[in-house]
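If you're matching them up, the sequences are chains A, B, C and D in order. First residue of the first sequence? That's 1 in our numbering, and the numbers climb one at a time after it. First residue of the second sequence? That's 1 in our numbering, and the numbers climb one at a time after it. First residue of the third sequence? That's 1 in our numbering, and the numbers climb one at a time after it. First residue of the fourth sequence? That's 1 in our numbering, and the numbers climb one at a time after it.
Heads up, a few of these hints could be off.
If several chains are the same, the list does not tell them apart, and a pair holds so long as it fits within one copy or across any two.
Calculated lysine to aspartate or glutamate pairs in the DMTMM-like style (CA-CA distance at most 25 Å, straight line) [claimed, not checked]:
{"hint": "1", "residue 1": "Lys436", "residue 2": "Asp455"}
{"hint": "2", "residue 1": "Lys341", "residue 2": "Asp73"}
{"hint": "3", "residue 1": "Lys341", "residue 2": "Glu198"}
{"hint": "4", "residue 1": "Lys375", "residue 2": "Asp424"}
In case anyone wonders, no lab produced these hints; they're calculated from the structure. What you are looking at is a predicted structure, and each value in this text was computed from that prediction instead of being measured.
Protein chains: 4
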Amino acid sequence: MATEVKSLNEECGIFGVWNDPEAAKRTYFGLHSLQHRGQEGAGIVVRQENGQLLGHKGMGLLADVFSRPEALDTLVGTSAIGHVRYGTAGSHGIENIQPLLFHYLDGDVAMAHNGNLTNAVSSRRVLEKSGATFQSNSDTEVLMHLIQRQKEATFVERLKASLNQIKGGFAYLILTKDALYAALDPNGFRPLSIGQLENGSFVVASETCALDVVGARFVQDVKPGQLVQIDDNGMSITNYTNQTQLAVCSMEYIYFARPDSNIYGVNVHLARQRMGYQLAKENPIDVDIVVGVPNSSLSAASGVALALNVPNEMGLIKNQYSSRTFIQPTQELREQGVKMKLSALKAVVDGKNVALVDDSIVRGTTSKYIVKMLKTAGAKSVHLMISSPPLKYPCFYGIDIEHTRELMAANHSVEEMRAMIGADSLHFLSLPGLIKAIDLKHNAPNEGLCVAYFDGNYPTPLYDYAADFEAPKTADERVLSATVEMEEV
Amino acid sequence: MATEVKSLNEECGIFGVWNDPEAAKRTYFGLHSLQHRGQEGAGIVVRQENGQLLGHKGMGLLADVFSRPEALDTLVGTSAIGHVRYGTAGSHGIENIQPLLFHYLDGDVAMAHNGNLTNAVSSRRVLEKSGATFQSNSDTEVLMHLIQRQKEATFVERLKASLNQIKGGFAYLILTKDALYAALDPNGFRPLSIGQLENGSFVVASETCALDVVGARFVQDVKPGQLVQIDDNGMSITNYTNQTQLAVCSMEYIYFARPDSNIYGVNVHLARQRMGYQLAKENPIDVDIVVGVPNSSLSAASGVALALNVPNEMGLIKNQYSSRTFIQPTQELREQGVKMKLSALKAVVDGKNVALVDDSIVRGTTSKYIVKMLKTAGAKSVHLMISSPPLKYPCFYGIDIEHTRELMAANHSVEEMRAMIGADSLHFLSLPGLIKAIDLKHNAPNEGLCVAYFDGNYPTPLYDYAADFEAPKTADERVLSATVEMEEV
Amino acid sequence: MATEVKSLNEECGIFGVWNDPEAAKRTYFGLHSLQHRGQEGAGIVVRQENGQLLGHKGMGLLADVFSRPEALDTLVGTSAIGHVRYGTAGSHGIENIQPLLFHYLDGDVAMAHNGNLTNAVSSRRVLEKSGATFQSNSDTEVLMHLIQRQKEATFVERLKASLNQIKGGFAYLILTKDALYAALDPNGFRPLSIGQLENGSFVVASETCALDVVGARFVQDVKPGQLVQIDDNGMSITNYTNQTQLAVCSMEYIYFARPDSNIYGVNVHLARQRMGYQLAKENPIDVDIVVGVPNSSLSAASGVALALNVPNEMGLIKNQYSSRTFIQPTQELREQGVKMKLSALKAVVDGKNVALVDDSIVRGTTSKYIVKMLKTAGAKSVHLMISSPPLKYPCFYGIDIEHTRELMAANHSVEEMRAMIGADSLHFLSLPGLIKAIDLKHNAPNEGLCVAYFDGNYPTPLYDYAADFEAPKTADERVLSATVEMEEV
Amino acid sequence: MATEVKSLNEECGIFGVWNDPEAAKRTYFGLHSLQHRGQEGAGIVVRQENGQLLGHKGMGLLADVFSRPEALDTLVGTSAIGHVRYGTAGSHGIENIQPLLFHYLDGDVAMAHNGNLTNAVSSRRVLEKSGATFQSNSDTEVLMHLIQRQKEATFVERLKASLNQIKGGFAYLILTKDALYAALDPNGFRPLSIGQLENGSFVVASETCALDVVGARFVQDVKPGQLVQIDDNGMSITNYTNQTQLAVCSMEYIYFARPDSNIYGVNVHLARQRMGYQLAKENPIDVDIVVGVPNSSLSAASGVALALNVPNEMGLIKNQYSSRTFIQPTQELREQGVKMKLSALKAVVDGKNVALVDDSIVRGTTSKYIVKMLKTAGAKSVHLMISSPPLKYPCFYGIDIEHTRELMAANHSVEEMRAMIGADSLHFLSLPGLIKAIDLKHNAPNEGLCVAYFDGNYPTPLYDYAADFEAPKTADERVLSATVEMEEV
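Isolated chain A (complex conformation) (with noise of 0.2 Å):
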């Protein structure tokens, strides 16, 4: 049950404007740069000229979902928010593609959500229990109801009073007939920035590259514990709780967020630049050529090759439509249906001892596909280096990783793992050495970072998921669990 609400909202973009003629068009454009974060569904809502908010969304990519002009053309408004949305199994039904909109009497409200909440399946049970309808399964209606239920005089009051109620990883954006309000989670644990158009209005996105695509300046990033209001007067920033830590997100770093985004200042692709040198530092392999998986380690794999001293190659080559396929290949035809993504280059890699990059391994299968794709194009060897240490824990703050019983690393040896792949060896990068690479410098446990994925030490308290996560994983579980999950790649 818990497992259910929790993996509602995760991996998700959000972008958000006030006061802008084209904000609609902005919101697209802005969204369209966060497609990476979620494809499943999408989704912006507007302020009309009369204060009622109004909403169009639907299943598949952005540019599904607005494939009709008229769809974009509808949404008449100089305010708005949207929404791309990573979908899980289970999770059917419109009712939860965001932006949610509520409605009142006295104006609708639109939320929408990155993070995923850890005490929402007992504050929905509470809610309920005093008269709470949900039109969703998803967490982020949590905060709503919360709202609601304030006494305090204000909507920035309650909304306050509703963001101390809530535990976990959430940036979020909210959506009024008045105004336009951002907050972060107290570690932070999910990126949120603010930019400024040259008219002078401002957007707030999940990354930084949504900003530059917008034509936006960034001002600044939103900061744990933060609540930041955009209206007709400007935007003022306060904060709803002072109990705060930073603890953003690893994972942001190391393969979700796009390489040209800056999180607290790190640029992306330099940090997983950094990942792949330390990696190779701590791990001097002598290989012929390195070749990275694209695109998500290209970055990792130009580091390796600096620290290796040999050369960067291009023995992988995706294919750049590969992002849209509605027909699922037969039985017979699966293993062409996994080259529709990724093909080895032959004559890059035959001969070659090769030092495959990658960014992380989940299940192992994409892994051991990949290296049998390179030693069929030639390869004498393939060393598989990972630009992150082994991945054990499941995430509670946002990131869809899989359970502790999916994952390999949660269950197998580095050399079990090495064999089941098929790689000549493996490596993983230490953790102290990640830390090292992504140099947040911040004044705070791993220097500002969550790394709990790899070392179990969760940041806060799991609240609902802990009783889950202390479960015993027994061998029957195992077998009960293996058999559902489709295909990473």
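For this one, chain A is given, so just place chains B, C and D on it according to the hints.
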């Protein structure tokens, strides 16, 4: 404000079935026969085997919403409810399409509603103050929030308590993982009938025509104040209130229901035929032929012809494909555009004195156009005979009758109307004649009929509409309100 | 083989306009009123300002093909032709949807066709041997290839020479950069009428109802053997042959055309009414009420009622939304599925002796079902009255009548038919009665009507079908052919 | 006129398979890997079991054309050909999407074509005079009409005779009920390769990457002047002409083909890397980093970096979802719209002297924009290095290079170009350097390459284009042509 909320659920059709292997398809076929009750949106929710509810809904005709077979195929389950809806301008947004779906940790609830609550706005205001959050602008949703706030131990008890708190006209279908509920308001304004399939399963539908189409035997009408519960133990019927008095909507008989439906045992076609007969008896005009406006007024026309003892001729043809067109005529082509729906049959009407029979006059623009069409086709004279009394007052119980200010008969004498429409004479059925023609014979005012649209005597307090209704209509208001309406044809 | 080619262009509607600023929309509205002539595909081609032709076509109703407004908006030009088509199994493929578009360096040509060529296969064989390449399976295309092979100097001369080489029933609209042409076969099997808009532009349409809808005044019917040319100099009419003899399809009057159309000056509705009258005069049965099958047999029913002097009652209701449904009933739901289209009105027929009026019997399955439906609704007896003679022979000129082997009347006596259908009695209009009722009064066999479906006397040689038609029908063939047909309802 | 016909078939990908139970899906996967060769339309035709051909085609990406699973599921058959197409303005109309399908009484023929015929217009003129009727504006169709007019006894003989009558660059796939044919022009301008599946079936594809993806082993390249016939007896290869001389399109190596494809044994990625290396050796500039324009110029950039011995950095990011967007930026949002595709990585380029590597300059607007983007991101200087010689002449063999008048290098000196683009320096690869880098080593002019785009020496007569090409370009024409072009990015 009140008006906006009011308009959202008007003119709808609902259908439900419990424990039928073909639940979604059965509901589809049932709704298909109720399509005349609403063409702007449709939806079906099924109870899946695991108890969770899953829905599909969309804008447009039922056949459009389910144009991809997989849409219906994914609705796997043995119980379902569905809804066809008449949408109004201003209610954009998929969130207002029904059935509405509410999620709770202990189980989902779905609701489909036909009617209009007269205390929706005030109830909503109270609910919102106590923390309620609304997913739609629909008054339907009020009931769910009331249920959620009751203190009784069981869902049925909470439902009954809530039904006693809502006012107006309503026929609700409610689906949970445990049962299908049907509830009717204390005046029985809207029709609702129970049927039984050959396999023993029960179905509930807005009109008996839907029972026939799905192969169900008529069991009984749901009576005012009744709550029907259908579950795996069969059907049980209780009263949530005994303060009832039948006031079934006379407009259902006049133009809204399908001719092959029976409402409280009175067949709609025969009732219309009697209205026409009575109309002609009250107004024994001298004409050559009778022509009914297809399709809704053909029954009445046959009654007029019988009483006048002149031929009932097919002088107007309705294009059977006119239910769908997405192309808006330009100003130049407007008249041709209107002709897409109706054509005059010159060979029939040329040189004739015609009694044109229609069921009602709302704003009069359609009537004016049809009279012109007949005269252009050669009719020597056109005598407009309306098989109901002049429409002077709005409906607050679920039929979308215009505001008083737009109702032609509320603002003009019969002679003024005749002149504006361009008819040679104009005749209405008297109110006693209407009651006599429907012949409901129930021991209640107007024999159990609501005829408030004609005499302004509403059978219940108007609650939130009371102020609105009393407000004097000034000439200025008339001007303001006459601008944005679409053509009725 | 012959049969396959034959079937592709049957039952169609065509519309064309020259020099009208609203050409595409005008054609859309014209086709909309001809939708009853074909529902499986539609298309419009316009002549763009640069002289090139541009088209849009697709499967389904006109409103579906043009459901995105931009589809019509891109068809910019002042002249256009359009087509609605009755498709048959086996003719998958957008390439068979009309208008067909042919590209030449010196200018495009588009063709829309209603009819069937009896020498299409043999002509095609000769053409292919001489190098012709076909883009479709349609016989329509033969004319274009013939034109292209003529040696005459002008397009008109080549067209006339080609029209003399094709046989059968045809009404062609041809659009080039220079003119709109309309041509009718030497027997005038298919109707085709010319109208004129208020702006002086000429339109041509399959039926006069389309002229009314687009606001055009009726000018004249195209006569057998005529070629009409409409261009910037106005309209000119010539004869491409003088070997003509009117034999207009009697099935157009019986069931195919719209009641408000006039064909050769005879109104279709009145002709049907006279058919019913004559039918009842020939068969003065004793019944309580007359019930027509909606909508096609309502005119005939009124005539029957008049002659029998009993009430014409609305005992069957047609669902006005039945023109569209994509959901196929399962075996279990088949009967409910059929009920989606027609419902019996119990209140009308219960306890009555009913004269059920239908326009024709093809395979008899629909009749059987309707009789059962009325009896289930309580009819004491059902007497089936058919307002045309028994259908025994196929049509080779453009109406999709079944093969002889599927025609009930070709294989059974009237008494056998009655028993199979389950009616209490069965009556057909006589052939002389039909001719008298239509009352065309043309100085030609059968007063200018083609009645070959009833007597087998085809007014022309059958060319490619001659062998097919003579072939004896064995019992084995009957069995083989009875398998794949769909229900007629 | 010539130009219009010319443009229709340029830049395409083709795929065919014979005797494979998964023919349609195999073709889908093959085409998916060739999507980079054309994104504006796609289609697949299968040979059904009864020998008839059935196709599905549409506008947009392959995944869009086949977005409804039933589209592919209806293509049941064991042999198929498919096509992805680069469409050009002016070629609206589904009739130009391939494969083209031709119907004959004795069997259908389908054709898919990559290339451009230089005598299409004159051939078409002759064919039309002899009676030919064209279904498209495509030059592809000329071959079918030629075949149909030959007198030889067999299809193969007629095909061979016809292949000798068409001129230019072409790779044809032809499907009949009896065989799959592949034919290449006498100069082998376009690549075409044969592979074999594990089940023994043969496939033919534009590039070897498609063989890899569908699991086929490379068998051989189709050679100039060859006709390949694949049928139930296996594969046979003959020459339809011996007048051949290899002149494979150098632009395939430079930017068009996928890096993992091999053309005549030369890997595309390695060839590009050598181009970059040679470019830098010819122009040993002094910079801090090398940045390639993703994705097409990353191979060349790695060669440049190697030769210059400076780091090859990821200074530009390409949005992997940019292949689809239906939203056109407004004037105000234009610059943001362009940014949807590429972003500069400030952290990499800030303060650096950058060698920006691109594969070619067409009109120069993209280059200008990227240079500006890098400078805005802080680059101290940007030196644009083009890994091919200046593009001065159009291609007449199937690549869509602009008219001479739009080619920047055809109208400006290198220094003028540098100034217009805003680069600090501008360098091109020399023509001898290009030939050396590709290293085809064939015993023919330019080692077997066509390099006419650079030196104007076309390896064949230009036929219909001869006059066009000689025409002087006046300044006025330049102005006229510069108005309506879209951005290249």
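- Ascending list of hint numbers which this structure does not respect: Of the numbered hints, all hold.
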